[in-house]
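Enquirer: Given next are the chains, with one letter for each unit.
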Amino acid sequence: MKLVAGYPDSLTEKPFHYCPGCTHGIIHRLVAEVIDELGIREETIGVAPVGCSVLAYEYFDVDMFEASHGRAPAVATGVKRVHPDKIVFTYQGDGDLASIGTAEIIHAANRGEKITTIFVNNAIYGMTGGQMAPTTLVGQKTTTSPFGRDTNTAGHPIKISEMLSVLDGSAYIARVSVHDPKHIRQAKKAIKKAFQVQIEGKGFALVEVLSACPTNWGMAPVEAVKWLADNMVPTYPLGEFKEVE
Amino acid sequence: MKLVAGYPDSLTEKPFHYCPGCTHGIIHRLVAEVIDELGIREETIGVAPVGCSVLAYEYFDVDMFEASHGRAPAVATGVKRVHPDKIVFTYQGDGDLASIGTAEIIHAANRGEKITTIFVNNAIYGMTGGQMAPTTLVGQKTTTSPFGRDTNTAGHPIKISEMLSVLDGSAYIARVSVHDPKHIRQAKKAIKKAFQVQIEGKGFALVEVLSACPTNWGMAPVEAVKWLADNMVPTYPLGEFKEVE
Amino acid sequence: MKEEIIMAGFGGQGVMSMGKLLAYAGMKEGDEVSWMPSYGPEMRGGTANCTVIISSEKIPSPLSSRPDTVMVMNLPSLEKFAPMVKEGGTILINSSLIAKEVERDDIEVIKVPANEIANELGNSRVANMVMLGAYLARKNIVKLDTVKKSLKDVLPERRHDLIPINEEALDRGAALVK
Amino acid sequence: MKEEIIMAGFGGQGVMSMGKLLAYAGMKEGDEVSWMPSYGPEMRGGTANCTVIISSEKIPSPLSSRPDTVMVMNLPSLEKFAPMVKEGGTILINSSLIAKEVERDDIEVIKVPANEIANELGNSRVANMVMLGAYLARKNIVKLDTVKKSLKDVLPERRHDLIPINEEALDRGAALVK
Amino acid sequence: MGEKILMKGNEAIAEAAIKAGCRYFFGYPITPQNALPEYMSRRLPEVGGVFLQAESEVAASNMVYGAAGAGARVLTSSSSPGISLKMEGISYIAGAELPAVIVNMMRGGPGLGGIQPSQSDYFQATKGGGHGDYRLVVLAPSSVQEAVDLTMEAFEIADRYRNPVMIVGDGIIGQMMEPVEFKKEIDPADLPKKDWATDGAKGREKNVINSLFLDPRELEKHNLKLKAKYDKMKEKEVRYETYKMDDAELVIVAYGTTARIALSAIELAREKGIKVGLIRPISLFPFPEKIIAEAAGKVNSFLVVEMSAGQMVEDVRLAVNGKKEVYFYGRTGGMVPSPEEIVEEIVKIGGAIK
Amino acid sequence: MGEKILMKGNEAIAEAAIKAGCRYFFGYPITPQNALPEYMSRRLPEVGGVFLQAESEVAASNMVYGAAGAGARVLTSSSSPGISLKMEGISYIAGAELPAVIVNMMRGGPGLGGIQPSQSDYFQATKGGGHGDYRLVVLAPSSVQEAVDLTMEAFEIADRYRNPVMIVGDGIIGQMMEPVEFKKEIDPADLPKKDWATDGAKGREKNVINSLFLDPRELEKHNLKLKAKYDKMKEKEVRYETYKMDDAELVIVAYGTTARIALSAIELAREKGIKVGLIRPISLFPFPEKIIAEAAGKVNSFLVVEMSAGQMVEDVRLAVNGKKEVYFYGRTGGMVPSPEEIVEEIVKIGGAIK
Amino acid sequence: MEQVKRVVFDEERCKGCELCTTVCPKNIVKMADRINSHGYHPAEVAAQEECISCGLCAMICPDVVIRVYRPE
Amino acid sequence: MEQVKRVVFDEERCKGCELCTTVCPKNIVKMADRINSHGYHPAEVAAQEECISCGLCAMICPDVVIRVYRPE
Ligand SMILES: Cc1ncc(C[n+]2csc(CCOP(=O)(O)OP(=O)(O)O)c2C)c(N)n1
Ligand SMILES: Cc1ncc(C[n+]2csc(CCOP(=O)(O)OP(=O)(O)O)c2C)c(N)n1
Ligand code: SF4
Ligand code: SF4
Ligand code: SF4
Ligand code: SF4
Ligand code: SF4
Ligand code: SF4
Ligand SMILES: [Mg+2]
Ligand SMILES: [Mg+2]
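Chains as they are written, first to last, in our numbering: chain V, 2 to 246; chain L, 2 to 246; chain F, 11 to 188; chain Y, 11 to 188; chain D, 13 to 366; chain S, 13 to 366; chain B, 66 to 137; chain H, 66 to 137.
There may be inaccurate statements among the hints.
[Stated by the list, open to error] Here are the simulated BS3-like cross-link-like pairs (lysine-lysine), alpha carbons at most 30 angstroms apart as the crow flies: (1) S/Lys-205 with Y/Lys-68; (2) Y/Lys-110 with Y/Lys-162; (3) B/Lys-70 with V/Lys-3; (4) D/Lys-241 with D/Lys-218; (5) V/Lys-15 with S/Lys-310; (6) Y/Lys-162 with S/Lys-16; (7) D/Lys-233 with D/Lys-196; (8) D/Lys-16 with F/Lys-149; (9) D/Lys-241 with S/Lys-360; (10) Y/Lys-96 with Y/Lys-38; (11) S/Lys-335 with Y/Lys-12; (12) F/Lys-110 with F/Lys-38; (13) D/Lys-256 with F/Lys-68; (14) F/Lys-12 with D/Lys-16; (15) B/Lys-95 with V/Lys-183; (16) Y/Lys-38 with S/Lys-310; (17) D/Lys-310 with S/Lys-233; (18) L/Lys-183 with H/Lys-95; (19) F/Lys-162 with F/Lys-12; (20) D/Lys-196 with D/Lys-206; (21) S/Lys-205 with S/Lys-256; (22) Y/Lys-149 with S/Lys-335.
Since the hints were made in silico from the structure, they are not lab data.
Whole structure, please, built from the sequences with the hints as guidance.
Expert: So this is what it looks like as structure tokens:
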């Protein structure tokens with residue numbers, strides 16, 4: 002029999018520490034599959050963030066960095082400038098990328114830094130126990146927006162993909178979701194493109210992946226992916242926002 | 002005889018320390034005139050940046066802060082939250098706002114912080130002697146882009162107004178120039194709107210003012226404003242990018 | 011009087027709140043108390059534990075390296091904490107989930123079929139209260155009654171309907187060792 | 011031998027490069043040298059100055075609180091630095107721009123109409139070299155010739171066409187005090 | 013008020029700040045202090061205050077600068093890496109002479125390190141992790157009640173000196189529950205008006221909040237003014253506690269959580285017949301050097317215990333000034349010393365006591 | 013090479029880095045060190061290197077982390093407020109054991125302060141302004157030639173220990189021109205390969221650059237390893253210079269620019285017949301405590317001179333350990349002490365010498 | 066050993082999230098009654114013969130538990 | 066004192082940038098030969114009677130040197 006869905010080479014054997022049903026795991030697998038398919042495992046250097054995926058350096062079977070909170074794009078810049086012929090990616094959460102690391106992601110994009118960023122937007126700070134993220138939905142209750150996010154004091158969910166698309170240095174920007182197999186397939190396609198854009202030296206590439214945090218959303222996993230589809234997707238339209246030829 | 006152009010009340014008597022022909026001076030005067038016209042001198046609290054306009058706290062005759070480099074929007078947020086009934090503005094250069102202070106301006110805008118930002122874009126770091134700014138034009142020579150800004154390593158001029166317009170919290174975003182009287186008049190109108198938007202509690206307002214740095218551009222003032230008109234304006238289209246009703 | 015207690019179990023077994031309840035009741039009776047949880051990153055699946063100290067004097071360290079009593083709700087906790095119990099101390103074991111025997115003969119071992127009893131009462135989540143009831147009956151550090159009265163202060167208002175079943179569980183636990 | 015010199019003037023008067031040239035020539039002659047500029051924020055309009063020390067021994071402090079010689083190109087510099095000159099020291103004054111007299115009688119005062127001579131030579135920017143020439147002739151710390159030879163090393167290549175006029179200015183200055 | 017309630021250290025500090033008239037909190041999440049901002053996010057709106065989760069620690073410290081300059085009592089909190097990011101801001105707050113209270117629930121470092129209890133930011137807190145000659149008043153509670161009391165005092169001290177005050181704790185102080193009592197409650201409206209604050213120059217000269225002095229003579233003058241303030245703190249704000257010092261032959265010097273553990277160790281040591289006492293610095297800056305210097309005249313030796321590789325030990329050595337041996341015992345990385353270990357150390361020194 | 017050229021300190025350090033095989037610079041402008049990045053922006057492209065002006069000091073320090081982890085020799089430079097912003101990053105670089113060189117041309121603080129020379133970041137540099145128990149090797153040149161030599165050594169030390177090294181100077185060291193000679197030139201291609209670096213896991217196990225250890229036992233182990241390294245530095249990397257110590261009755265302890273001025277003061281004092289010597293720490297960490305302790309056995313007293321309110325003086329006191337009086341003279345805010353002032357101070361102490 | 070099953074579960078990795086059970090077009094992925102050593106009820110497919118090797122279960126599994134094979 | 070001039074220069078503030086000279090529709094703003102105490106040649110209007118009080122010179126002056134009056 003032929004293997005149609007297996008275990009990617011670019012993942013170590015180590016079981017993920019993520020909560021049951023946490024879609025960080027799906028996204029890890031997709032990234033690993035793409036690295037496998039592009040045959041770049043031995044050319045790739047990854048940068049893990051601070052966030053639930055802080056231990057990503059234990060899961061990807063490639064050279065890895067553990068960056069300080071929000072600074073993965075700066076770390077990746079340092080790496081890429083030293084090894085312009087290698088493939089460098091960052092894997093970052095929404096607190097990491099869209100809050101503390103805002104300046105770093107914007108300037109990496111604006112410089113057209115030839116790196117790939119996987120941006121996992123789960124509308125919450127998972128690692129620290131469910132605080133509000135800049136991507137938290139309007140009215141969503143979190144441990145630091147106990148009465149629901151109030152736009153009057155905390156603003157609106159931030160649109161990272163739309164914002165980065167404005168910059169001349171970004172070459173590929175897409176938003177995808179992993180709430181069902183169809184979207185997972187699209188997500189993988191986008192991730193693959195985001196690596197190819199780097200391989201072709203076109204510029205900065207980012208894929209924003211809408212992701213579920215069953216634990217801090219206070220839902221069972223099956224319920225969480227449904228909530229993702231019903232609430233996050235309408236707030237964060239999916240699609241390719243930018244693709245430079 | 003009737004005074005048709007005088008000395009604004011909201012400026013102290015102190016002569017500016019700016020270089021001859023530095024258009025920071027024009028912008029200061031416009032801001033002061035607007036404060037006068039709106040009758041808010043005693044309600045206004047300003048935040049000066051680190052940059053050539055670091056001493057703005059000596060020129061505006063209103064309560065003032067001197068903020069750390071890039072953090073004026075955070076300082077203004079602190080002030081505005083304590084005094085929601087007062088008018089708070091920041092005055093920032095392009096190094097200050099578009100480089101080190103990227104995260105602060107984006108999140109102030111995204112929160113819809115009810116403050117007004119005067120963003121003086123002179124495509125260079127004036128204060129520190131003419132280094133490249135994120136807004137430096139392609140090919141422009143500066144002390145840290147001695148061979149001209151190279152998009153391949155330093156990226157493209159960053160479009161702050163366009164980027165902030167994407168965010169839901171921004172209520173008024175405009176780009177203006179001060180290279181001739183006609184544009185100065187438009188600039189003043191935009192600055193006035195940006196204060197009115199705050200008075201009306203609509204959200205975050207920013208006016209990007211294209212400005213000349215004769216000294217670090219290595220030009221005589223007359224030449225510098227011409228260069229501004231001929232080179233900066235085409236790169237940074239003027240206009241109102243966003244106006245929330 | 012000074013009693014150091016460690017409670018341990020899986021994340022969802024309510025060891026934290028059982029510790030809080032005990033500490034609260036101790037405070038109500040005028041004792042000095044402290045409650046100290048283990049804490050980790052928000053990655054799930056591990057075991058949780060807390061240390062409660064109840065004393066008639068000011069409490070020095072809020073941690074305990076040689077607890078007087080240990081209550082374990084699951085197997086990993088047994089393995090981790092049984093060796094720490096003070097000589098002559100007591101260990102209470104949730105025998106519903108732990109088949110293994112304690113390999114020490116210098117401490118008292120009390121088996122509490124906490125989950126079974128909780129299930130009998132119709133709510134597996136009160137296994138912790140069964141365990142606590144057994145402890146209270148055995149040790150007399152804090153009165154069972156004070157603990158019961160503390161329930162309404164410790165439980166959030168929206169859970170006050172659960173007070174009766176919690177009381178029942180405490181009683182059933184207490185009954186076990188009487 | 012140890013000579014401490016301060017040079018001062020408006021921003022555009024070339025005091026920094028005149029100091030560099032002197033220090034460079036000193037180095038060429040095998041002396042220990044240091045050159046220390048004043049620095050400030052990039053806001054214009056102030057005066058600039060630099061301190062050059064030339065010595066046969068290692069130089070301790072690169073700053074000078076009692077310079078042997080001061081050269082002032084404008085009035086504010088005169089007022090600032092004249093009081094600092096060491097007793098018995100020398101002050102060279104750009105008399106083209108400074109009408110004021112020095113109010114000390116314990117130092118030697120040399121008046122150099124630097125701008126006038128520079129204008130005669132057709133380039134007001136070499137006033138600094140006129141001043142330096144006068145200094146070199148008076149003090150003999152570094153040879154005029156070495157300074158001339160240093161021009162090509164200190165001036166950027168695109169300015170090498172200016173070497174002759176600079177040399178002339180040095181000579182004219184030197185001639186003044188000979 | 014007056015009633016005892018059982019509270020976590022993190023939450024108790026938050027409530028204490030509110031009781032001290034603080035209505036503004038700016039911070040960014042980080043373990044192990046999240047319960048503090050979370051509590052504030054629920055409570056502050058109830059009392060008409062503002063909770064704002066900043067985009068970063070850098071932004072948070074500058075929001076504090078703004079709110080403090082605007083005349084408010086304001087709090088921020090974080091843990092080690094986050095505090096490092098606030099260093100520039102803290103130097104500005106101190107430089108501009110603004111009152112503010114900063115909480116650091118220290119965790120193991122360096123770098124990302126871990127999240128377990130630590131005291132390895134002592135130098136950063138007391139000597140100035142930011143640039144320039146500035147000082148924070150640094151207070152180190154060792155119980156939840158003390159955390160409450162010191163937090164309330166911190167706001168007073170901050171206002172009195174126009175200087176930031178830092179409360180240092182660790183995961184144990186922050187997560188532990190103990191009974192606490194709130195002894196008073198201040199209505200912010202009753203606080204004296206700060207006439208230097210920026211609230212619109214109505215009917216007065218404008219106010220400026222600033223730390224820039226381009227003329228070095230001016231900046232030196234400013235530094236001398238600051239130094240005079242720090243000297244005054246050294247005179248007036250020293251806080252410490254001693255325990256069983258009357259007959260002590262060896263003194264443990266320890267603060268915060270470690271001091272609690274030292275108390276257990278002292279019990280054990282005394283059971284063994286070794287006369288051990290404790291000096292517990294409560295203010296880390298100003299450091300209680302006088303009492304230590306005095307003790308140096310009486311006891312045989314000192315044992316400094318820290319959850320660090322040895323930081324406060326330098327201040328103890330400076331105070332002892334060579335008069336007696338100063339020993340050090342430290343655990344790092346989130347490891348908490350046990351009373352037994354400390355006793356072992358004491359026994360070892362016992363041999364070394366001349 | 014071998015030829016003397018006249019260079020500014022800032023530029024000489026930049027060139028020295030290149031001669032040491034450094035091909036990567038990440039930094040952000042700030043006075044008084046701009047000539048350094050500006051020089052790099054011209055020179056690095058010539059030698060196939062990369063100059064990148066980062067969006068901030070925070071980003072710059074993390075780019076350094078990346079480049080260092082990727083195996084390169086890398087430099088960053090800044091001045092006081094900018095260095096404060098790098099504190100978290102520096103703690104990470106130290107925590108992940110990466111070699112890198114950081115230059116701090118100190119200016120007057122706190123806050124925005126001023127831009128004139130200062131030495132008030134001594135604590136920050138030597139005790140750890142960032143969180144956790146980490147140490148930088150801190151080198152303080154007092155001439156342009158020494159700045160060159162120490163910069164080249166800094167890269168060697170950084171690689172040898174896998175630890176960041178900081179060069180501290182001030183506006184004087186940075187802006188002053190003196191003749192310099194570059195004694196050697198290293199081709200980066202000749203440097204030994206760093207087998208721990210991340211450059212793609214080709215034919216080997218993957219490499220990881222990390223400072224996270226969630227298990228406190230692991231983190232403590234890591235801290236002990238770091239401590240062993242710092243202890244080794246204390247043994248092997250102490251650098252200092254002494255001057256006229258043979259007959260000295262009073263020793264000035266001063267570093268960097270201040271030491272140069274102290275030399276002038278010593279001349280003046282000796283003219284007056286007062287026998288003054290100098291101990292000039294070149295490595296501020298590890299601190300030359302042994303030579304100071306030895307001197308304490310011989311001289312009458314110590315005078316520490318700093319451009320700060322008194323920071324290194326604590327390390328001197330620790331080294332002297334009560335054996336002799338340690339006096340302090342400091343100027344702050346960008347004021348530079350004059351030789352005359354120092355002599356005055358010496359004369360004053362003269363009266364105090366028993 | 067020849068591969069006979071179409072869907073293979075690495076049971077010890079399974080966290081019982083149930084996501085796989087929601088996507089199977091054949092509705093044959095079920096949660097087992099037993100628990101694995103981490104305390105989770107693992108997912109399983111009893112009716113291997115009904116499986117069409119579509120791979121959807123593997124695609125949504127966050128813990129890379131599932132391998133899917135197709136007869137050649 | 067009655068205001069008679071239409072354009073008044075606060076000469077000591079002038080930095081001689083010449084911007085005002087480029088915008089005057091009447092082309093009457095000129096740089097003076099004298100220098101002020103900061104070493105700058107200040108701008109001036111000799112032909113006051115030609116001024117139309119348009120205010121453009123004041124509008125572009127970066128140093129708030131110029132006051133413009135209009136007869137009522
Ligand atoms: C400087 C700093 N600030 C704060 C933290 C604490 N912290 C760790 S992870 C995190 C946010 C995680 O949220 P996100 O990036 O959305 O990732 P997720 O866990 O949701 O995947 C925070 C605030 C830290 N480690 N360092
Ligand atoms: C943290 C920090 N980094 C760097 C500096 C140095 N600095 C002062 S002003 C400035 C940039 C000024 O440029 P810009 O903001 O464009 O203002 P301009 O002078 O052009 O008006 C810099 C980098 C500083 N003071 N603080
Ligand atoms: S807390 Fe949320 S994001 Fe983190 S592992 Fe659990 S489910 Fe995933
Ligand atoms: S340097 Fe440029 S921006 Fe700064 S004052 Fe001079 S002209 Fe204006
Ligand atoms: S491969 Fe498809 S059909 Fe087979 S079990 Fe999985 S989801 Fe069901
Ligand atoms: S999706 Fe994976 S982890 Fe979840 S139940 Fe199915 S097999 Fe188990
Ligand atoms: S007001 Fe108008 S017309 Fe009069 S001088 Fe000025 S620019 Fe010329
Ligand atoms: S524009 Fe103003 S500063 Fe410039 S020359 Fe005219 S009057 Fe003078
Ligand atoms: Mg998240
Ligand atoms: Mg600028």
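Enquirer: State for each hint whether it applies.
Expert: We went through each hint and held it up to the structure:
A threshold of 30 angstroms between alpha carbons decides the hint, and for S/Lys-205 with Y/Lys-68 the separation of about 40 angstroms lies outside it, so the pair is violated. A C-alpha spacing of about 36 angstroms is found between Y/Lys-110 and Y/Lys-162, which places the hinted pair above 30 angstroms, so the restraint is violated. Between B/Lys-70 and V/Lys-3 the alpha-carbon distance is near 11 angstroms, which keeps this suggested pair within the 30 angstroms criterion. With a C-alpha separation of about 25 angstroms, the suggested pair D/Lys-241 and D/Lys-218 falls inside the 30 angstroms cut-off, and the hint holds.
Restraint check for V/Lys-15 and S/Lys-310: the C-alpha separation of about 63 angstroms exceeds 30 angstroms, so the hint is violated. Restraint check for Y/Lys-162 and S/Lys-16: satisfied, since their Cα atoms lie roughly 16 angstroms apart, inside the 30 angstroms limit. For the proposed pair D/Lys-233 and D/Lys-196, the alpha carbon gap of about 39 angstroms is over 30 angstroms, so the pair is violated. Using a Cα cut-off of 30 angstroms, the hinted pair D/Lys-16 and F/Lys-149 holds, with the two alpha carbons roughly 25 angstroms apart.
Only pairs whose Cα atoms come within 30 angstroms are accepted, and D/Lys-241 paired with S/Lys-360 is accepted, the gap being roughly 26 angstroms. Between Y/Lys-96 and Y/Lys-38, the direct Cα distance comes to roughly 27 angstroms. Compliance with the 30 angstroms bound is thereby established for this hinted pair. About 39 angstroms separates the Cα atoms of S/Lys-335 and Y/Lys-12, which puts this hinted pair outside 30 angstroms; it is violated. For the hint pairing F/Lys-110 with F/Lys-38, the CA-to-CA distance comes to about 36 angstroms; that exceeds 30 angstroms, so the pair is violated.
The suggested pairing of D/Lys-256 with F/Lys-68 holds, with an alpha-carbon distance near 15 angstroms, which does not exceed 30 angstroms. In summary, the hint linking F/Lys-12 to D/Lys-16 is supported, as the alpha carbons are separated by about 20 angstroms, within the 30 angstroms threshold. Of the pairs offered as hints, the one joining B/Lys-95 and V/Lys-183 holds, with about 21 angstroms between alpha carbons and a cut-off of 30 angstroms not exceeded. Between Y/Lys-38 and S/Lys-310, the direct Cα distance comes to roughly 42 angstroms. Violation of the 30 angstroms bound is thereby established for this hinted pair.
Using a Cα cut-off of 30 angstroms, the hinted pair D/Lys-310 and S/Lys-233 is violated, with the two alpha carbons roughly 37 angstroms apart. For the given pair, L/Lys-183 sits about 21 angstroms from H/Lys-95 by alpha-carbon distance, which is consistent with the 30 angstroms threshold. The hinted pair formed by F/Lys-162 and F/Lys-12 meets the criterion: a straight-line CA distance of about 26 angstroms does not exceed 30 angstroms. Note on D/Lys-196 and D/Lys-206: the hinted pairing holds, with a Cα-Cα distance of about 22 angstroms set against a maximum of 30 angstroms.
With a CA separation close to 44 angstroms, the supplied pair S/Lys-205 and S/Lys-256 exceeds the 30 angstroms bound. Note on Y/Lys-149 and S/Lys-335: the hinted pairing is violated, with a Cα-Cα distance of about 50 angstroms set against a maximum of 30 angstroms.
When held up to the earlier numbered hints, the structure conflicts with 1, 2, 5, 7, 11, 12, 16, 17, 21 and 22 and fits the remainder.
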